[in-house]
Amino acid sequence: MDSFATSILSQPYILRSILAIILIAINASVTGSFTIFRNVSFLVAGASHAALAGAALAIVLGMYGIINLNPIVGGAIFAVFTALAAGYAAKDEGINTAIAISFAMSMSLAILFISMIREYAARVWGLLMGDLFLLTDYDLVLMTISTLFVIIVAIIFYREFLFVSFDMEGALAYGINATFVNYLLLTIIAISVVVMLKGVGAILVFAMFVAPAAAANEVARKISDVFILAFIIAALSGFFGIFVSFYAEISPGAIAALLASLIYFLSVAFKKFQKFQKIG
Amino acid sequence: MKPIVVKDVEFSYNGERILENVSFSVDEGEFVAIMGPNGSGKTTLLKLILGLLKPKRGKIEVLNLNPWESREKIQNYIGFMPQKEHISSKFPILVKDVVLLGKAARKKFSKLTKDDEEKAKEALRAVGLEDYWLKRFNELSGGQQQRVLLARALAVEPKILLLDEPFNGVDIPSQDKIVELMDELARKGVTIMMVVHNINPLLHHIHKIVLLNKRLIAFGSPFEVLTAEKMVETYGSSIPIIVCEEGYAHPLFGDTHG
Numbered sequence: 010m011d012s013f014a015t016s017i018l019s020q021p022y023i024l025r026s027i028l029a030i031i032l033i034a035i036n037a038s039v040t041g042s043f044t045i046f047r048n049v050s051f052l053v054a055g056a057s058h059a060a061l062a063g064a065a066l067a068i069v070l071g072m073y074g075i076i077n078l079n080p081i082v083g084g085a086i087f088a089v090f091t092a093l094a095a096g097y098a099a100k101d102e103g104i105n106t107a108i109a110i111s112f113a114m115s116m117s118l119a120i121l122f123i124s125m126i127r128e129y130a131a132r133v134w135g136l137l138m139g140d141l142f143l144l145t146d147y148d149l150v151l152m153t154i155s156t157l158f159v160i161i162v163a164i165i166f167y168r169e170f171l172f173v174s175f176d177m178e179g180a181l182a183y184g185i186n187a188t189f190v191n192y193l194l195l196t197i198i199a200i201s202v203v204v205m206l207k208g209v210g211a212i213l214v215f216a217m218f219v220a221p222a223a224a225a226n227e228v229a230r231k232i233s234d235v236f237i238l239a240f241i242i243a244a245l246s247g248f249f250g251i252f253v254s255f256y257a258e259i260s261p262g263a264i265a266a267l268l269a270s271l272i273y274f275l276s277v278a279f280k281k282f283q284k285f286q287k288i289g
Numbered sequence: 023m024k025p026i027v028v029k030d031v032e033f034s035y036n037g038e039r040i041l042e043n044v045s046f047s048v049d050e051g052e053f054v055a056i057m058g059p060n061g062s063g064k065t066t067l068l069k070l071i072l073g074l075l076k077p078k079r080g081k082i083e084v085l086n087l088n089p090w091e092s093r094e095k096i097q098n099y100i101g102f103m104p105q106k107e108h109i110s111s112k113f114p115i116l117v118k119d120v121v122l123l124g125k126a127a128r129k130k131f132s133k134l135t136k137d138d139e140e141k142a143k144e145a146l147r148a149v150g151l152e153d154y155w156l157k158r159f160n161e162l163s164g165g166q167q168q169r170v171l172l173a174r175a176l177a178v179e180p181k182i183l184l185l186d187e188p189f190n191g192v193d194i195p196s197q198d199k200i201v202e203l204m205d206e207l208a209r210k211g212v213t214i215m216m217v218v219h220n221i222n223p224l225l226h227h228i229h230k231i232v233l234l235n236k237r238l239i240a241f242g243s244p245f246e247v248l249t250a251e252k253m254v255e256t257y258g259s260s261i262p263i264i265v266c267e268e269g270y271a272h273p274l275f276g277d278t279h280g
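Chains A and B supply the protein sequences, listed in that same order. Numbered according to my numbering, the first sequence spans residues 10 to 289. Numbered according to my numbering, the second sequence spans residues 23 to 280.
No lab work stands behind these hints: they were computed from the structure. Computed from a prediction, not measured in an experiment: that's the story for all the values here. No residue lacks a Cβ here, since even glycine has one placed at the ideal position from N, Cα and C. Be careful, since some hints might not be right.
To be verified - Derived contacts from chain A toward chain B, CB cut-off under 10 Å, selection only:
no. : residue
1   : Ser-42
2   : Gly-135
3   : Leu-137
4   : Arg-168
5   : Leu-171
6   : Asp-234
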């Protein structure tokens, strides 16, 4: 325990991973909860894989000297575009169908672009797996800025997001520009997903982003509890991941995602048990 | 001034004609039911009145204004209750938050006052759920949830109330409570339009019926509208009708054996 505590201060990569977990937990709480409320969990998978395509495209463009774009920024642009396209297509079809199609399209593009940049492909695959211990100061600055943006938007539009998540038709009828609010909500969810990508990767982001809020939603008595509990679950899972991986040299993201998913299943079981007791 | 005037309205979506040639007008304090089979354009008609859709042809006036052009203005006077199927009750939103959502949206989400909260509580009292203020919406029965949504519509103190199938999945006590309340509101001058599948629970309380199947089949008092011929024209098959002691013709839909 002592060596871990000492390392926090002496090893910058541990300190960075702890800061990243706090930022990830904030995103899992704020936008993760709205993802559950709006019932668009699948968007997280869609946006994260779209980000891979965006990152790969940014590298392709850089390689040919067309434009020098940070792969994460390229990823964010693609993720937001996917979210907006899914929101638009969902007017006629269910949103999950639209997301599934965008998901498939993004992965095709990602593989296509990666095949064009074989020598840099590892940078993109890095986003697929993610690594909390490989984050740079620059990554943390980007994560902090986008997290602040997401928090500010969520605070300003809190009630609108809630209304649209609860009842889209009612929101329109009571004078809310529900189409804009819906797109804005999908946009900040996509941005949040990209924030987490370098830390936990496109595969595990789903667990770290959706599971804490979903678990909190099962047991919370009111909306504010969902936000608080989702933050606690995401942060605890993340810290536990870092702690275990410090000793066992295994992926901290995987441990964190595993724990967050387990907590979700436990909370579902707890809720069922509570219901059963009530009926009994 | 008639609060709702619909004249020669036509509406199409994706090339399919949803409504054509619909004309009627509603007086202040009238309680009107909209009836018709699935896909007959009932909800579309409510959305046109709300200004959420633009008619392809014809004219709609709500409180003397064109709802499509003056949506924001007319929405200030309308309380709307959507179909419960469109509501997501998967998260722990409290009853008080649901009732206050409409009010908050009307105020462009500026700070709610004590008075707003009082109005919301009063609306909840009107639907008989005053003790449910701090309960979770998703823990209520279907009927109670409908009543909370009705309270949300009432909390904005509407001049016009538009209700889309408020009886879906609703227990008899909730149904009676809603009808009783509509009666009282209509007497106070609130104009009410309600989409219903089964007219029977409110037949003795409504003033007029809009019978719809993509076009206006009939508009008038229940005595004028609920005839065997018009029901065949609307639903495509004959629907048994029983006349009660008060002289009202009760159509017996599918599940009822006379």
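Hints and how they fare:
Residue-level restraint check for Ser-42 of chain A holds (minimum Cβ-Cβ distance to chain B is 8 Å; threshold 10 Å). Evaluation of the Gly-135 of chain A hint against chain B yields a violated restraint, the C-beta minimum of about 34 Å exceeding 10 Å. For Leu-137 of chain A, the shortest C-beta to C-beta distance to chain B is roughly 30 Å, which exceeds 10 Å, and the interface hint is violated. Residue-level restraint check for Arg-168 of chain A holds (minimum Cβ-Cβ distance to chain B is 5 Å; threshold 10 Å).
Residue-level restraint check for Leu-171 of chain A holds (minimum Cβ-Cβ distance to chain B is 7 Å; threshold 10 Å). A distance limit of 10 Å between C-beta atoms decides the matter here; for Asp-234 of chain A the minimum to chain B is near 7 Å, and the interface restraint holds.
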